[in-house]
Amino acid sequence: MIEYIIAKYNYWIYIVLMMIGFYAMIGKTNLVKKLLGMNVFQWAIILFYVSTGSKKGGATIPIVMGAHGHYEPAQAIQFLNPLPHCLMLTAIVVGVSTTGVALALVIMIYRRYHTLEEDEILELLETSRK
Amino acid sequence: MISDQFPALIIVFPLIIAFWINIVGWWWKKPCFYMSVSALTVSFISSIGILNTVITNGTIHYRLGGWEPPWGIEYVVDHLNAFLLVIVSFIGLLVGIYSKRSVEQDIPQKIPQFYSVYTLLVMGLLGMTITGDAVNLYVLLEIVSLASYALIAMGEDGAPLASFNYVIMGTIGACFYLLGVGYLYIVTGSLNMADLSELLPKLYHSKAVLVAFAFFLIGIGIKMAFFPLHVWLPDAYTHAPSSVSAFVAGTMTKVGAYVLMRVLFTIFRPYFSIELIPATTVLGWTAVAAMMYGCVLAIAQHDLKRMLCYILIAEVGYIVLGISMANRMGLTGAILHIMNDALMMACLFSVAGAIMYKFGNRDITNFRQQQLNKKMPFTMAAFTITALSVVGIPPTCGFFSKWYLIIGAIDARQWVFAIALILSSLLSAVVFFKVIEKIYFKPREPVHPHNEVTHEEVVMDEAPMSMLIPMYIMVGGILILGILSGQIISTVIQFAVPASF
Amino acid sequence: MITLLEDIIVKTVCRILVPLMQLFGLYVIAHGHGSPGGGFQGGCILAASFILLLVAFDLAEAKKRLSEKLNNFLNSFGVFIYAWTGWMCLLLGGNFLDYGKLSKILPVDSVKARYFGVFSIEVGVGITVMAVMVSLFIDLITGGKHEEESEK
Numbered sequence: 001m002i003e004y005i006i007a008k009y010n011y012w013i014y015i016v017l018m019m020i021g022f023y024a025m026i027g028k029t030n031l032v033k034k035l036l037g038m039n040v041f042q043w044a045i046i047l048f049y050v051s052t053g054s055k056k057g058g059a060t061i062p063i064v065m066g067a068h069g070h071y072e073p074a075q076a077i078q079f080l081n082p083l084p085h086c087l088m089l090t091a092i093v094v095g096v097s098t099t100g101v102a103l104a105l106v107i108m109i110y111r112r113y114h115t116l117e118e119d120e121i122l123e124l125l126e127t128s129r130k
Numbered sequence: 001m002i003s004d005q006f007p008a009l010i011i012v013f014p015l016i017i018a019f020w021i022n023i024v025g026w027w028w029k030k031p032c033f034y035m036s037v038s039a040l041t042v043s044f045i046s047s048i049g050i051l052n053t054v055i056t057n058g059t060i061h062y063r064l065g066g067w068e069p070p071w072g073i074e075y076v077v078d079h080l081n082a083f084l085l086v087i088v089s090f091i092g093l094l095v096g097i098y099s100k101r102s103v104e105q106d107i108p109q110k111i112p113q114f115y116s117v118y119t120l121l122v123m124g125l126l127g128m129t130i131t132g133d134a135v136n137l138y139v140l141l142e143i144v145s146l147a148s149y150a151l152i153a154m155g156e157d158g159a160p161l162a163s164f165n166y167v168i169m170g171t172i173g174a175c176f177y178l179l180g181v182g183y184l185y186i187v188t189g190s191l192n193m194a195d196l197s198e199l200l201p202k203l204y205h206s207k208a209v210l211v212a213f214a215f216f217l218i219g220i221g222i223k224m225a226f227f228p229l230h231v232w233l234p235d236a237y238t239h240a241p242s243s244v245s246a247f248v249a250g251t252m253t254k255v256g257a258y259v260l261m262r263v264l265f266t267i268f269r270p271y272f273s274i275e276l277i278p279a280t281t282v283l284g285w286t287a288v289a290a291m292m293y294g295c296v297l298a299i300a301q302h303d304l305k306r307m308l309c310y311i312l313i314a315e316v317g318y319i320v321l322g323i324s325m326a327n328r329m330g331l332t333g334a335i336l337h338i339m340n341d342a343l344m345m346a347c348l349f350s351v352a353g354a355i356m357y358k359f360g361n362r363d364i365t366n367f368r369q370q371q372l373n374k375k376m377p378f379t380m381a382a383f384t385i386t387a388l389s390v391v392g393i394p395p396t397c398g399f400f401s402k403w404y405l406i407i408g409a410i411d412a413r414q415w416v417f418a419i420a421l422i423l424s425s426l427l428s429a430v431v432f433f434k435v436i437e438k439i440y441f442k443p444r445e446p447v448h449p450h451n452e453v454t455h456e457e458v459v460m461d462e463a464p465m466s467m468l469i470p471m472y473i474m475v476g477g478i479l480i481l482g483i484l485s486g487q488i489i490s491t492v493i494q495f496a497v498p499a500s501f
Numbered sequence: 001m002i003t004l005l006e007d008i009i010v011k012t013v014c015r016i017l018v019p020l021m022q023l024f025g026l027y028v029i030a031h032g033h034g035s036p037g038g039g040f041q042g043g044c045i046l047a048a049s050f051i052l053l054l055v056a057f058d059l060a061e062a063k064k065r066l067s068e069k070l071n072n073f074l075n076s077f078g079v080f081i082y083a084w085t086g087w088m089c090l091l092l093g094g095n096f097l098d099y100g101k102l103s104k105i106l107p108v109d110s111v112k113a114r115y116f117g118v119f120s121i122e123v124g125v126g127i128t129v130m131a132v133m134v135s136l137f138i139d140l141i142t143g144g145k146h147e148e149e150s151e152k
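Chains as they are written, first to last, in the working numbering: chain A, 1 to 130; chain B, 1 to 501; chain C, 1 to 152.
Worth double-checking, as some hints may not be accurate.
[Unchecked claim] Lysine-lysine pairs mimicking BS3-like chemistry, simulated, CA-CA at most 30 Å apart:
| id | chain 1 | residue 1 | chain 2 | residue 2 |
| --- | --- | --- | --- | --- |
| 1 | B | LYS29 | C | LYS64 |
| 2 | B | LYS30 | B | LYS100 |
| 3 | C | LYS63 | B | LYS30 |
| 4 | C | LYS69 | B | LYS30 |
| 5 | A | LYS55 | B | LYS202 |
| 6 | B | LYS442 | A | LYS8 |
| 7 | C | LYS11 | B | LYS110 |
| 8 | B | LYS202 | A | LYS56 |
| 9 | B | LYS110 | A | LYS8 |
| 10 | B | LYS110 | C | LYS64 |
| 11 | B | LYS442 | B | LYS358 |
[Stated by the list, open to error] Chain A regions said to be covered by chain B (calculated; three or more residues, Cβ under 8 Å):
| id | segment |
| --- | --- |
| 12 | 46-55 |
| 13 | 91-101 |
[As the list claims (entries may be wrong)] Here are a few chain B residues that sit away from chain C, every Cβ distance over 10 Å (derived from the structure):
| id | residue |
| --- | --- |
| 14 | GLN5 |
| 15 | LEU199 |
| 16 | PHE501 |
Don't read these hints as lab results, they were simulated from the structure. Predicted, not measured: the structure shown is a model, and the values here were computed from it. All C-beta atoms in this analysis are idealised placements derived from N, C-alpha and C, irrespective of residue type, glycine included.
Taking the hints into account, I'd like the entire structure generated from these sequences.
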């Protein structure tokens, strides 16, 4: 049982991080804390993808060894898989953009309502509608 | 040949023009509208060209960068794709023309930014429809989401909070989609949709594939506003600016339904989605709940746009019900309903926008006093015809798609679905006739004698031409496409349904 | 909102570091297609150099070096480089982004032309990412009010 957990530790870490982020998104009422939860959620997924690119047996980063002289012939089996890294570049940039847009929205909300707690904002909306 | 390059042109042209609008808008505000409309016209013409090529030649495979799949990204256009491309670009163009006056009134200081982000939104939706690669779809899904967060936040009073809630929920949906793609990549090593559909059948019994399927369904369900995951939709679409609501209500949920069809029938073969896991059964019963929920809650609303948002939730339920019936008639009804619903929802939200432009509020209880039937007769006529289409009265197009859905339900021996379809039509009739009665009919006795209408001429104060013409083109489309439904089915939709049904 | 920081150590170190950071950012962009690096990463490092300038000095000082008009122009300019490369490949007879066809105008063979195609795309991406990161930072720290300040 313990070997099962240790062998797949990357899955366990990403699940724990994802659930922490998810709880923060749902359970907290402060808008900035929700945003932090969203960030943790996205980063958990990015870490998961990157961890799936690694291989057993000491795979190293895909840079050819030796420079300015002789190059050793590169065998694909000793390098780790770079494709998830490239996909996650895009995902990181998407995460940054979403955080930027959400922070701009938070600033707009703060300027209008002067508070960042969601229940207070909803009360102010209700009273302003009546 | 230029027509070979249409799949690239349809995406690249709006992309470049969107960034040109950003630069030009720094100095002059007037050209932004014209640049945006010209980019959307080019997209529309390209999409018609693509549909033509697909009808005569069959599926198009466009390889970006010249790389062969599965190493390269590929744009695959078959009949289902091409059909949806024409719909999305058509509605994008019409709402773009409609938006000129309404944007000038609602958000006058942000006109270049509005048109730039709007063009990017249309480009993202077209890209989501045309692509054949799973991660490319994630990137375009995020482009669409970010553009819509920004556009919705430009609206009226409660808009930034509604957009923030949409940010939170939309990110969860897109991340679940990405997780699903990641799990499939781990077990197969490929990201191309056609390649996945060949590699997966040997792996149908592995747990990773089952979990990936579940992640896909939830992620796409959030984006599509399918019943239990629809919570972001009423607030976001109500407080958004009028032209933004008209466009996203007509298209974003439909493109989400298209992605659901791709996942259920192209990536995972129909054998998996229907027999191995009863996914279509679960989707069917949830869709019935969505239809009932949407129609019943629409009756309780005062705000016209909020009522239309709940009707939209019910319409998404119709489409998923058609998908879940898993026979030829049901899928034909679902695809036909995608086209009809796009037109109907865009037209209804345009009417709500026109009322907002003229009067500044959308409360239904004020309609009688505002004497809308005398002041805006053409707009109200458009509203009535579209409402008849939502209820499903011939010869409007809504009747034909509901007809196919009911026949599909009877073919599949699901009597509860057929009864639910008819019941929800009756409920939507209640919803719309409530509004039509307030517009056109007077009460029997005057409620307050001193509030009787005075005997002066009520001047017609109609919405401007640039808003009326797109509305009438959409209404004309609803009527004409209803009569031509048979033709549309025999040329396009018949081949869009996957062949094993 | 960001006021002048009266600390000589921070200012001196910043003055030394910013050109080195920019050089490193350009290095990361240029080595993107063969080794770790690329457009996004290099663009972020270039943006970080401007943000360091902004944090160590005043907002007005940073604006003297990268004005807002130039920032807005660079936003779109990077995308234009990207789209223009793809468009040239389209006009020269291939599909979109088919860099092999660039060998008709560049004096290299088809394989090396792909190398240059990817490089020009990385440059475009790097410029856009730098401009967007700087404008995001300026918008968020001033709460959007810097537009009103600059119009005075």
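Task: Violated constraints from the hint list, given by number and in increasing order - done: Hints 6, 7, 9, 14 not satisfied by this model.
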